[in-house]
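K.L.:
Take the sequences, apply the hints, and build the full model.
There are 2 protein chains.
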Amino acid sequence: MSSDLLSPTSYLVLGLLAREGPSSPYDLKQLVASTVGHFWTFPHALLYAEPPRLVKRGLATETQEERGRRRRVFAITEPGMDALQAWLGQPSRQPTELRDRGLLQLFFADLGTSDAQHTIAREQLEVHRAKLDGYEQDAGRERRSSGPGVDSRTVEHWRSRTLTMGVLYERAAVDFWEGVVAQAHSVELASGRLAEDEDRSPAVAFVEPS
Amino acid sequence: MSSDLLSPTSYLVLGLLAREGPSSPYDLKQLVASTVGHFWTFPHALLYAEPPRLVKRGLATETQEERGRRRRVFAITEPGMDALQAWLGQPSRQPTELRDRGLLQLFFADLGTSDAQHTIAREQLEVHRAKLDGYEQDAGRERRSSGPGVDSRTVEHWRSRTLTMGVLYERAAVDFWEGVVAQAHSVELASGRLAEDEDRSPAVAFVEPS
DNA sequence: GGGTACATGTAATCAGTTACATGATTTA
DNA sequence: TAAATCATGTAACTGATTACATGTACCC
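Going down the list, the protein sequences come from chains A and B. For what it's worth, my numbering labels the leading residue of the first sequence as 1, then goes sequentially. For what it's worth, my numbering labels the leading residue of the second sequence as 1001, then goes sequentially.
These aren't lab readings, by the way, just hints derived from the structure by calculation. In this text, a Cβ means the ideal position worked out from N, Cα and C, and glycines have one as well. A portion of the hints provided could be inaccurate.
Cβ pair distances, simulated, as ranges [to be verified]: (1) T41(A) x G1134(B): 26 to 34 Å; (2) D1138(B) x Q137(A): 53 to 61 Å; (3) T1041(B) x G140(A): 34 to 42 Å; (4) G140(A) x R1093(B): 23 to 31 Å.
To be clear about the criterion: a stretch of chain A counts as covered by chain B if any three or more of its residues have a C-beta under 8 Å from a C-beta of chain B, and this derived list gives those stretches [stated by the list, open to error]: (5) 9-17; (6) 70-76; (7) 88-96; (8) 99-108.
P.N.:
Set out below in structure tokens:
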């Protein structure tokens, strides 16, 4: 018997099944990609592996289509709903995992060339600007399609609220990396490493500042 | 043969060995706890398991103390340094993993009671305020101990710069959850669920606003 | 010298990840 | 009808996590 505590993946699947009704792993994959997947990736193989685990615990059921693709469709059970409710009723105190390879590289940047610092920072700035840009396009699309009156009790409301956290994080990240770029640049200038006429921010130009 | 690409854990250990010199797994554990461990946790068993892997690849060497605790001490090799440099020279483009259980709960909060939303948000607010508070105390201690003249090229500089990312994230998180708390509260009021005289923010009071 | 906290490790399990492989549907 | 893409899965591996277990130093 594995410990009776479920993983975040378990609750992800339970929650999606509860909200969307019976779903195939592929459905789950699509749902994840457009929501939490923006900042917490779940490889598709996981979404094929998790539902059977839930079935074994009695938290979901599996049925198979007779014709066509014979997809496996999973549905949440009563005990599954209970587990989900229990989880929602007991807020997590575990700290956020901010797994960012760029940050890890920055942490060790002093071991590389001074050029490495600059390169890392510019790359990260580009990545985070692009991501922020993507979020804002999504938000625009959504506003147009769902109209102005978004009720705070709707599913859409909480969905977009969660994405907002992603946006806030990306904004903080852009601020941060801008600072690092500026800092690294001035250090290199001071040490006479850069020519005066060098392009200062090539990686930054292609995205409009917010 | 496993793929010749190293994991973040590998680079973490390589980087620490490069910076600190020969170290035992326990040393690594301490170093991690006071730096990146603040936002990217590496369980101690990992820091006992990873160095031998590096040895097998020729990126580190192992020696054992003769007396006392007979600790295993690991040191980085030339190929190890090369691998580290190569990594630093090629900035990551992989997106940040923001694994936050509270966010996941929020995403599904509409499936719980309206009370669940409020509870989750207050708990998260408390957690993130406490973390932010801890960072700021650390920063204060460090400023006092290292004096005013921090050279931007020093190790300490980059160390604290990296922690700064943690601070920025926590600030963004506090903002976010404050908004959610306010929102959830007003929704509950509107639906007549709260009495007028209910305590509005008990979870928040114990930490000073920054 | 007995308790407590710190330090050091191992073993077993399991989830996560990568890679592979093939089937179904659409479109050129 | 061939190509391309979307959809659906599985297998193997291995890294991450948990739990266990014991040793060493310090303090009362």
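K.L.:
Identify every previously stated hint that the structure contradicts and give their numbers, smallest first.
P.N.:
2 and 6
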